[in-house]
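Residues per chain are reported as follows:
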Amino acid sequence: MKEILEIKNLHAKAEGKIILKGIDLKIKPGEIHAIMGPNGSGKSTLLNVLLGHPKYESIKGSISLSGKNILKLSPDERSLLGLFGTFQHPIEIPGLNFGTFLRTAKNIHSKAKNQPRLNPTEFIKSTKKYLDLLKLDQHFLSRELNKNFSGGEKKKAEILQMALLEPRIALLDEIDSGLDVDALKAVAKSIKFIAKKSNIGIVLITHYQRLLNYITPDFVHIISDGKIIKSGKKDLALKIEKEGYNSYIK
Amino acid sequence: MAVPKNTKRLISNTFQNYKFGFKTTVKNVFSEPKGVLTPSIVTSISKRKNEPKWMLDFRLKALEIFNKKPLPTWGGDLTKIDFKNLHYYIKAQSKTQTSWNNVNPQIKEAFETLGIPEAEKKFLRGVSAQFESEVVYESVQEVLSKKGVIFMSTDEALKQHPQLLKEYFGKIIPVNDNKFAALNSAVWSGGTFIYIPKGVHVDLPLQAYFRMNAKNMGQFERTLIIADENSSVHYIEGCTAPSYSSNSLHSAVVEIIAKKGSKVTYTTLQDWAHNIYNLVTKRSFVYENAQMVWVDCNMGSKLTMKYPAIFLLGEHARGEIHSLAFAGKNQHQDSGGKIIHGAKNTSSIITSKSISKNGGRATYRGLLQVNKGASGVKSKVSCDALILDNISRSDTYPTMKIEEDDLELAHEATVSKIGEDQLFYLTSRGISETEASSMIVNGFAEPVTKHLPMEYAVELNRLLEMEMTGSVG
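Going down the list, the protein sequences come from chains W and Z.
For the record, in the first sequence the residue sitting at position 208 is 208 according to our numbering, with numbers rising by one throughout.
For the record, in the second sequence the residue sitting at position 114 is 114 according to our numbering, with numbers rising by one throughout.
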């Protein structure tokens, strides 16, 4: 079976407003795509529709993962098929221990993949290398999920989840926002390492070119008013930086 | 609480709804007939217990007060309690046993199903088990008895330590305090008496287990805890009962004295069947440098009205009330706490968390009082309500009486629903919606459950999960 995320002519609306107006995209494991576009172009909507947020409704087109239509599936079912997304502003869950949450999610995925459950000790062991990679302390796992996390910690926590859940395709929404240069370097290095190790197809959703200096994309797509208006290679991103989006937006 | 795995399975297979609802068939030794509570019933209870005259007089006076006082019109609906249709006293076993082997086999089985002997072996220093009106089993580890710790039924304490009872019994909660304290004072039976000598620290909890088995039962235990100077103790009570279509009444009185430098933690895991009125008066006097902590978890009952109180009477005394209430279908949890700052530089914390679901109603009712002259008080009150659907209800009635300017006071209250974005976040990680809801609810309850010993926190989280997955109610 082909492991591929295939989006065809996707139209979607949120709160009565049509935002996506025909998206076509194919992403394979191991590839790195960047989706760039100005504010309000539909970048975050695309992420939410793909992950199955109940507020967003697809009205036309299809999304398939490994040949399976996922439009009717719940977010947890999509996750177990290998779709993952990081959020620009991950929501706080007070009182929920980050480590407990992570181990629970990991074991649900392991079960779906017929892999053995991790006991707390094994879990700590398998998490350790990623904590080191992301320059996070062990103690980080005993905090409440996303609560009082700094901007950088929030993004790192998202990447840590990606590392453990080993998805087929991961959509990373503005993963560089709120990061200082050191944090950005650590995050970018981790993304590349994890993507390579687990052969993950990465979609970087970003407003700015900056992130792409640290992670070189194989493909760059420009989104505007709910449509992909141009696709190209890395040089497209550099052109955008120089000339701005305006030259591509009619 | 603390139920072994195989029994848990057995119970959940047998009872779809309330998991502690099994009934025990037992031939009672004696039962007061159902009917209007009369002086002759009160006298009969006292005579059976061979009580001193002062206690009989106390009971009869309490009965008069009970009859005179009107039913409270605030809080929950009390008009459906049928006082004429209750057994005020039932004795199911001839005497208290100190060895499990000697406990009536049927009663023993009930407590074994509830996991009591197992918990005793694993993480307790003493256990008391009350079935209907009397304590049927009690045991305290020798290491404690040697240090002078007293842990026995209040009936037994009246025989063995009459001077302590005379000094403290009914002194923290006077007989005329409220209608249900008066009722308890008239017909009290069982409950726990604890005395911790000066400087003695009880490292593991002492637990009492209360079981009501009969239909139309009234259980009126009476608990008195005295922590002498610089001592410490953690007492845990658990309550369950079979489910019946007619109502029962549980009305306890709990009095606590925390002397200079002592620490008393009192934890309640209330999971009564949903036909039980749970109307309880709990109060503690806390002296210089002493600390009182109430951890009050109310999962069961039809209506609970309970507001554990702390009187901070000595300088630098500290008080904490952490309460958790779950109100499901046909349940009203009217709970909270009262803290009275009566001395300088005293501090207090009230944390209240309520969850309502399936039309349940959760009410927070709290009092924070700072008396004139009690300067340097610090207090933090937070009450949060989580409402899980559109048919459930939450109310908050915080009262503050502040007669002193020199104080630090923080108060916050929130009402929330489970956020769609929180659910989406967790489900997008592969967690089912049901499990994600449980995780959010458990997280919400965590500021209270973190005060429970680990074994009980695990059990309570599991109970919350059961409530959430809909296998209950």
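If you're looking for bench data, these hints aren't it; they were derived computationally from the structure.
Quick reminder that beta carbons are idealized off the backbone N, C-alpha and C, glycines included.
Certain hints may be false.
Claimed, not checked - Just so you have them, the derived chain Z footprint on chain W, three or more residues with Cβ under 8 Å:
1. 52–65
2. 68–82
3. 134–142
4. 191–201
Said to hold, decoys possible - Pairs of lysine-lysine, DSS-like flavour, derived with a Cα cap of 30 Å:
5. W/Lys72 / Z/Lys47
6. W/Lys185 / W/Lys197
7. W/Lys147 / Z/Lys146
8. W/Lys147 / Z/Lys198
9. Z/Lys417 / W/Lys43
10. Z/Lys378 / W/Lys154
11. Z/Lys53 / W/Lys17
12. W/Lys55 / Z/Lys417
13. Z/Lys121 / Z/Lys147
14. Z/Lys450 / W/Lys128
15. W/Lys154 / W/Lys135
16. Z/Lys147 / Z/Lys198
17. W/Lys147 / W/Lys28
18. W/Lys72 / W/Lys129
19. W/Lys13 / Z/Lys380
20. W/Lys26 / W/Lys13
21. Z/Lys378 / W/Lys147
22. Z/Lys47 / Z/Lys27
23. Z/Lys417 / W/Lys154
24. Z/Lys121 / W/Lys147
25. W/Lys13 / W/Lys227
26. Z/Lys146 / Z/Lys122
27. Z/Lys19 / W/Lys111
28. Z/Lys260 / Z/Lys417
29. W/Lys196 / W/Lys128
30. W/Lys230 / W/Lys43
31. W/Lys111 / W/Lys60
32. Z/Lys122 / Z/Lys53
33. W/Lys125 / Z/Lys450
34. W/Lys135 / W/Lys72
35. Z/Lys95 / Z/Lys80
Verification of the supplied hints:
| no. | hint | result |
| --- | --- | --- |
| 1 | 52–65 | holds (count 4) |
| 2 | 68–82 | holds (count 6) |
| 3 | 134–142 | violated (count 0) |
| 4 | 191–201 | violated (count 0) |
| 5 | W/Lys72 / Z/Lys47 | 72 Å, violated |
| 6 | W/Lys185 / W/Lys197 | 18 Å, holds |
| 7 | W/Lys147 / Z/Lys146 | 48 Å, violated |
| 8 | W/Lys147 / Z/Lys198 | 43 Å, violated |
| 9 | Z/Lys417 / W/Lys43 | 28 Å, holds |
| 10 | Z/Lys378 / W/Lys154 | 34 Å, violated |
| 11 | Z/Lys53 / W/Lys17 | 81 Å, violated |
| 12 | W/Lys55 / Z/Lys417 | 17 Å, holds |
| 13 | Z/Lys121 / Z/Lys147 | 20 Å, holds |
| 14 | Z/Lys450 / W/Lys128 | 26 Å, holds |
| 15 | W/Lys154 / W/Lys135 | 13 Å, holds |
| 16 | Z/Lys147 / Z/Lys198 | 10 Å, holds |
| 17 | W/Lys147 / W/Lys28 | 34 Å, violated |
| 18 | W/Lys72 / W/Lys129 | 36 Å, violated |
| 19 | W/Lys13 / Z/Lys380 | 45 Å, violated |
| 20 | W/Lys26 / W/Lys13 | 21 Å, holds |
| 21 | Z/Lys378 / W/Lys147 | 26 Å, holds |
| 22 | Z/Lys47 / Z/Lys27 | 22 Å, holds |
| 23 | Z/Lys417 / W/Lys154 | 23 Å, holds |
| 24 | Z/Lys121 / W/Lys147 | 38 Å, violated |
| 25 | W/Lys13 / W/Lys227 | 13 Å, holds |
| 26 | Z/Lys146 / Z/Lys122 | 21 Å, holds |
| 27 | Z/Lys19 / W/Lys111 | 29 Å, holds |
| 28 | Z/Lys260 / Z/Lys417 | 43 Å, violated |
| 29 | W/Lys196 / W/Lys128 | 18 Å, holds |
| 30 | W/Lys230 / W/Lys43 | 14 Å, holds |
| 31 | W/Lys111 / W/Lys60 | 33 Å, violated |
| 32 | Z/Lys122 / Z/Lys53 | 41 Å, violated |
| 33 | W/Lys125 / Z/Lys450 | 26 Å, holds |
| 34 | W/Lys135 / W/Lys72 | 38 Å, violated |
| 35 | Z/Lys95 / Z/Lys80 | 34 Å, violated |
In the structure shown, a violation is registered for the earlier hints numbered 3, 4, 5, 7, 8, 10, 11, 17, 18, 19, 24, 28, 31, 32, 34 and 35, in ascending order.
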